[in-house]
Amino acid sequence: MKRRTVLAGGAAAAALGMTRAAWAQQETVKAGFIYVGPKNDGGWSQHHHEAALEMAEHFGDKVELVIQESVPEGADSERAMTQMALGGADIIFTTSFGFMDPTINVAAKFPDVKFEHCTGYKTADNVGVYSARFYEGRAVQGFLAGKMTKTNKIGYIASFPIPEVIRGINSAYIHAKQVNPDVEFAVIWAFTWFDPAKESDAAQALIEQGCDVVLQHTDSTAPQAAAQKAGDVYTFGQAADMAEYAPMPRISSIIDVWAPYYIERVQAVLDGTWESDNTWDGIGAGMVGIGEISSAVPDDIKTEAEALRDSIASGEYHPFTGPLNKQDGSAWLAEGEVADDGTLAGLNFYVEGLKGDIPS
Amino acid sequence: MDLSAINPAVLLASLMVASTPILLAAIGELIVEKSGVLNLGVEGMMITGAICGFAIAVQTGSPALGFVGAAAGGALLSMTFGVLTQFFLSNQVATGLALTLFGLGLSALLGQGYVGIKPPPVGDINLGPLADLPFIGRVLFQHDAMVYFSLLLVAAVWAFLKYTRAGLILRAVGESHDAAHALGYKVVWVRLMAIAFGGACAGLGGAYLSLVRVPQWTEGMTAGAGWIALAIVVFGSWKPWRVLIGAYLFGGVTVLQLNLQAAGLAVPVEYLSMSPYLITILVLVIMSSGRGRAALNAPASLGRSFHASS
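Chains G and R supply the protein sequences, listed in that same order.
Those letters in the first sequence? Residues 894 to 1253, per the working numbering, in order.
Those letters in the second sequence? Residues 491 to 800, per the working numbering, in order.
Misleading hints may appear alongside valid ones.
As the list claims (entries may be wrong) - Using 27 Å as the maximum straight-line C-alpha spacing, the simulated DSS-like pairs for lysine-lysine come out as follows:
| no. | chain 1 | residue 1 | chain 2 | residue 2 |
| --- | --- | --- | --- | --- |
| 1 | G | Lys1195 | G | Lys1070 |
| 2 | R | Lys608 | G | Lys932 |
| 3 | G | Lys1122 | R | Lys608 |
Stated by the list, open to error - Which stretches of chain G does chain R cover? Using the computed rule of at least three CB atoms under 8 Å from a CB of chain R, they are:
| no. | region |
| --- | --- |
| 4 | 933-946 |
| 5 | 1070-1082 |
| 6 | 1098-1110 |
Please keep in mind that the hints were generated in silico from the structure rather than gathered at the bench.
Ideal placement from N, C-alpha and C gives every residue a C-beta, glycine not left out.
With the hints as constraints, model all of the structure from the sequences given.
Quick look at the structure:
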C-alpha cells in the first residue's frame, strides 16, 4: 500500500469518526479512564481501576479499555484526554475533581466523544458528571469516631478545600458531636490527593497532638500505617476497604462502588441512548458502601452505627438535617429542615463548632 | 488556636525523622558534585532504593538487609548513569533526567507484587538512661539506627573531604579534572566511585521512606524528595554541615506546617510550603552577589565531561 493511500484511509476513518451519528448503536466501545494516582494506590484510583476492569469483563469483547494513570491535575490532563480522544475513545471517564475544567475544554473539541467527570459539577451536551454521596458514609464514620475517642480529639487529613471534602468534614463533625458533645476536630490540609510521606507525617502530627481517631480524605494507606505504629489510634479506610489494616487501626471504611455505574453508562453508549447526566448516589443506591465494622468496636456501638447507616440508606434520615448553624453562628437549617442538593454541591463553609478556617 | 498542643520535643524528634531521607540523598549527591559530576537522577535512584530495600526486607524479614539491598540497588542504577556519562561522555543533565524517569518506571515494575504488604518493623535503638533524659532524651535518643547513621555519615563525609588524601583527590578531580589527570589521578574512576556512593546514599534515603517513615510501598512514593535533596546541596553550598542544616530546615518546615495546622493555627499553608525554596533562592542570591562562581563554592568542573584526550 502506498503511503498516500494509507493517509487517505486514515483521513477517511477520521472523517467517519467525526460524522458518526451521536445516537447510533455501536458494536464496540472504546472506554477510556484517566486516574490522578497510580492504578494500585490502594485507595481512590485503584478502586476506579478495579471498577473499570469489572466493567470491561462484563462486556467482554465489546469493550476495549484504555487507561492513563498518574495524570497530574491541570494542563497535562488536557493533553492526556486529547490523546485518548484522538486515539478513538468513545467515552472517557475522568476521575478526579481537578480534571473538571480540562474535561469541559477537551469535550468542546470532540463533540462526538462522551465524557464522564467524577465529583465535578460542570456539565455539557457530551459531559456528564457522577459522584457518590460520600458524606453519608462520613456520617457513620463521625458517629463511630465520636463514640470511640477517649481523648475527645479527632484528627482529619483533608486534601483540597473543595465542596466534596468540606461536606465530609461537616458531616463527620455533626455526627461525632451528636454522640459526644466534648469532641473537637483538628483538620490538616495536605493539598495533595496522594503523597504517602506527607500523609504519614500529617497523621503523625495529629496523633502527637492527642488525636486518637484519624479520618482521612487522601488516597494512600500511609495514615493507616502511621496509626498502626502509634498503637491506640482508630482510622477508617478511604475509597477502598483497606481491610489489610483491620481490625486495628482501621475500624470501618467508605468504599466507592463505581462498577454498576460504569456498566450502565457504557451500555448506554452501546445502545446509543447516552445522554449527559448528573448522577449523585449514596448508600441507598449502592454507590457508597460501608466497610465491615471491625471487632475493635463494641457490639452495641456497631449495632447503632449500622442502624444509622440503614436509616440513611432508606432515606428516612438525611445527614444534614436542622437545626444547624454555620460556623459564624448564623442560621443555616431550621429544625427538621434538610439541606438541598444545590447548597450541598457548592458547600463552602464549616458548621458551628468546627474551629479554624477553610483555606482559600 | 492552641499552641500548647505542640510539644517542642516531639516536634524536633519528628523533624529529624522527616528529614533523614533527604539528608541521606543530599549527602550522597554532595560527594558526586564534589567530584565534578551533576547527577539529576537522585529521585530515580531514591525510588529504586525504596523498592529494592522494601522487597529485600519483606523477603528476608530483615530491615538491615533491606537497607543494604537498597544501597546496592541505588548504586547499581547509578552505574548506568556513570557508564553513560564517564565512558560515552553523554550530557550529564539529560542523562540524569533520564535516570529519574527510568528509575520511576523501573520501581513501578519491580513493585508490582509489593503493594499493600507491610514490611518488617524497624525498632528504635535502646540507648538506656540517655533516652530518659528530659527533653533531650526525647529529641535525640529515641530514634532508629538510620537517623544516627545519617548523622555519622555527614561527619564522615566532612572528615573525608577535609582531612584525608582521598578526599583531596576527589576535590581536585572536581575542581580541575585536567590538572588532576596531569598529576596522574584516574579521573574517570574517581568519578565512578563518587557516583556509586551517591547512588547508594540515595537508595538508603528511599529505603528509609519505604521501611521506616511511611512504611509501605506505593508507586511514586518519594514524591519529589530527590529534587529537594538536589536543592539542599546547592543551599548548603557543597559543605556537609550546611547540608545537614538545610535538610533539617526543609524537613522541619514540612513537619511544623502540619503541626501548626493540627493545632488550629490559621497559617497560610502555601507560604510555609514555599519558604524553604524562597530561602534557597535568597541564599543563592546573597552568595553569588558580586564574587562569582568561586564564592558560591561550586566545584569548578561541575557538569563538565572529561576525556583524557582533551
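Are there hints from earlier that the structure breaks, and if so, what are their numbers?
Failing hints: none at all.
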